[in-house]
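A.B. asks: Below, each chain spelled out in residue letters.
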Amino acid sequence: MTDRPLKVLIAKPGLDGHDRGAKVLARGLRDEGFEVVYTGLRQTPDMIVTAALQEDVDVVGMSILSGAHMTLVPRVLDLLRARGMGDVLVTVGGIIPDDDVEQLRVAGVAGVFGPGTTIREVADFIRANATPREA
Amino acid sequence: MTDLAGSPAERAAALADASRAGDRRALARLLTAVENHTAVAEQALRRLYPLAGGAHLVGITGPPGAGKSTLVAALIAHLRAAGRTVAVVAVDPSSPITGGALLGDRVRMQGYAQDDGVFIRSMASRGHAGGLAATSTSAAAVLDAAGFDIVLLETVGTGQSEVEVAAAADTTVVLEAPEMGDEVQAIKAGLLEVADIIVVNKGDRPGAQRTAAQLRAMLAPAGEVHGDRPPAKRPDVLITTAVSGDGVPELVAALDRHRAAGATEATPAARRARAAAQVRAVLVERLWHRLASPALTGETDAALEGVARHDIDPYTAADALLAALGREETP
Ligand SMILES: Nc1nc2c(ncn2[C@@H]2O[C@H](COP(=O)(O)OP(=O)(O)O)[C@@H](O)[C@H]2O)c(=O)[nH]1
Ligand SMILES: [Mg+2]
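Residue numbers (numbering that gives the first Met the number 0), protein chains in the order written: chain A, 0 to 134; chain B, 0 to 330.
Honestly, the hints are just simulated from the structure, not real lab data. Model, not experiment: these values are computed from the prediction. Treat the hints with caution; some may be incorrect.
[Said to hold, decoys possible] Once the Cα atoms are required to be at most 25 Å apart in a straight line, the calculated SDA-like pairs of lysine to any residue come out as: (1) A:K22 / B:R125; (2) A:K22 / B:A307; (3) A:K22 / B:R107; (4) A:K22 / B:G98; (5) A:K22 / B:T69; (6) A:K22 / A:V100; (7) A:K22 / B:G126; (8) A:K22 / B:P63; (9) A:K22 / B:P92; (10) A:K22 / B:P62; (11) A:K22 / B:Y111; (12) A:K22 / A:T116; (13) A:K22 / A:P131; (14) A:K22 / B:P95; (15) A:K22 / B:G64; (16) A:K22 / A:P73; (17) A:K22 / B:I96; (18) A:K22 / B:T157; (19) A:K22 / B:V242; (20) A:K22 / B:Q109; (21) A:K22 / A:P96; (22) A:K22 / A:A81; (23) A:K22 / A:S65; (24) A:K22 / B:T97; (25) A:K22 / B:A112; (26) A:K22 / B:G110; (27) A:K22 / B:S94.
[Claimed, not checked] Cβ pair distances, simulated, as ranges: (28) B:R285 / A:E101: 37 to 45 Å; (29) B:G116 / A:R119: 37 to 45 Å; (30) A:D45 / B:G21: 17 to 25 Å; (31) B:R308 / A:G85: 49 to 57 Å; (32) B:Y48 / A:D45: 28 to 36 Å; (33) B:Q159 / A:R80: 37 to 45 Å.
[What the hints assert, rightly or not] Heads up, incomplete: computed chain B residues facing chain A, CB under 7 Å, no partners named: (34) R24; (35) T97; (36) G99; (37) A100; (38) L102; (39) V106; (40) G116.
Quick reminder that beta carbons are idealized off the backbone N, C-alpha and C, glycines included.
Whole structure, please, built from the sequences with the hints as guidance.
C.D. replies: Pasting the structure below:
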């Protein structure tokens, strides 16, 4: 079946306690037709990857405002690969300096979204780049 | 990770065997196949179904916000402390317009990322008319065959198909929260009929005792059982506080009692009902498939057209198509 919705995990790693943006994104992507798993605040890389694995998602989106993206995101990417999920599309949203953006891309992040990115833009990016998994 | 090459039957065998051997990635993939009704899922279920049946399948339903997910988390904590493994399938509704869904139940079930004895899967209802129960019971069968002791199925008790999911479990728990008003929400939703156990959650809130008393009074038999109707089941009414874990040991004991009581029947009624729902769903799917085959699609289209134009009624059309299927079988 090819018309099944893409499944997206929205995670909020790190210690900052604001998840309003992540929740708005999760709801917005639902309204764009995705099946969105929302995991809540203060997710460790291990929690994110375990959830991604159990949920068999096509996309992992992380919203990071704490500035800890350079430690958290590579760790998530490593764990995804180690657990056989290297093919999952990974996106990061937050305030991320240009140099870091480049490094994150090299590390394997497909999309980096800065402030002001619309939900429609994120949705279009996912639709254009994610491949729904078949078993 | 299991190789995804090969025919559907080969992939199914690989995924099924790996799932049984504890490969969580394979298990997750198999559940995706089950949700998508693929050929791989069918082949895998053929292999796994005979190996399932050992798990206790528990449905948990009730109005949104009653505390189902929080209670599931409290149950996980209690069951894990007792050394029992737990799988969760949490179903949330899909939007009928966009097909999207927000699956937020995991938020309440944190802390088991390192624990292989817990597996949590969210599922969108995808508007399967009547098929949701079949999909989620197939998912439960896969988790059962993968060796989990208990499979918890959380659904929102507002839609008919979601209630059917919970009702198809070995034990159905209907959750209620103390009401501000006089009326208990579960009554409105018609949920009490499917309950084996009723739980008033948020026991820390005023009114929990009163709500429980109301429910017990409602469930008390109004005099003698008369006529040939079987005596209605009299569910236990318990009070829990999911956020603190109060009442959860008592709930687990009630679940175990209910399961033990069912085990004395040759085939528990809930399992018969579940089997009927599963086989019916497959039959309907198969019949539609055959009616869409090259040999019959013309006749099927004509019948549907006729009904659409009100030239013939749906009963006549169905009889004609059944006759066509019969002719096809005996050339
Ligand atoms: N006071 C109190 N709040 C609870 C209890 N159980 C759940 N809640 C809260 O009720 C809200 C809804 O809980 P959730 O588990 O998501 O409900 P669900 O929609 O039925 O799955 C959350 O804010 C919970 O923290 C409880 O026992 N006592
Ligand atoms: Mg819930």
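A.B. asks: Under the criterion that the straight-line Cα-Cα distance not exceed 25 Å, is the pair K22 (chain A), G110 (chain B) satisfied?
C.D. replies: Distance ~20 Å between K22 (chain A) and G110 (chain B) Cα, so the pair holds.
A.B. asks: Measure nothing beyond the straight line between the CA atoms of K22 (chain A) and A81 (chain A); if it is 25 Å or shorter, mark the hint as holding.
C.D. replies: 28 Å, violated
A.B. asks: Hey, K22 (chain A) versus T157 (chain B), does the alpha-carbon distance stay inside 25 Å?
C.D. replies: 24 Å, holds
A.B. asks: Checking one constraint from the list: CA of K22 (chain A) to CA of P92 (chain B), max 25 Å. Satisfied?
C.D. replies: Holds, at roughly 17 Å.
A.B. asks: Once the shortest beta carbon distance from T97 (chain B) to chain A is found, is it less than 7 Å?
C.D. replies: 4 Å, holds
A.B. asks: Taking 25 Å as the top limit, are the C-alpha atoms of K22 (chain A) and P95 (chain B) close enough?
C.D. replies: 21 Å, holds
A.B. asks: Between K22 (chain A) and T97 (chain B), is the straight-line Cα distance small enough, at 25 Å or below?
C.D. replies: 18 Å, holds
A.B. asks: Please verify that hint: A100 (chain B), Cβ, nearest Cβ of chain A, below 7 Å or not.
C.D. replies: Constraint on A100 (chain B) satisfied, holds at 5 Å.
A.B. asks: Take the C-alpha atoms of K22 (chain A) and G98 (chain B), compute the straight-line distance between them, and say whether it is at most 25 Å.
C.D. replies: Distance of about 18 Å is within 25 Å: holds.
A.B. asks: Confirm or reject the claim that D45 (chain A) and G21 (chain B) have a C-beta distance inside 17 to 25 Å.
C.D. replies: Once the Cβ atoms are compared, 18 Å apart, the range 17 to 25 Å for G21 (chain B) and D45 (chain A) holds.
A.B. asks: K22 (chain A) and R125 (chain B): Cα distance at most 25 Å?
C.D. replies: Within the cut-off at roughly 21 Å; holds.
A.B. asks: So if I understand the rule, the pair passes when the alpha-carbon distance is 25 Å or less; does K22 (chain A) with P63 (chain B) pass?
C.D. replies: 18 Å, holds
When held up to the earlier numbered hints, the structure conflicts with 2, 22, 28, 40 and fits the remainder.
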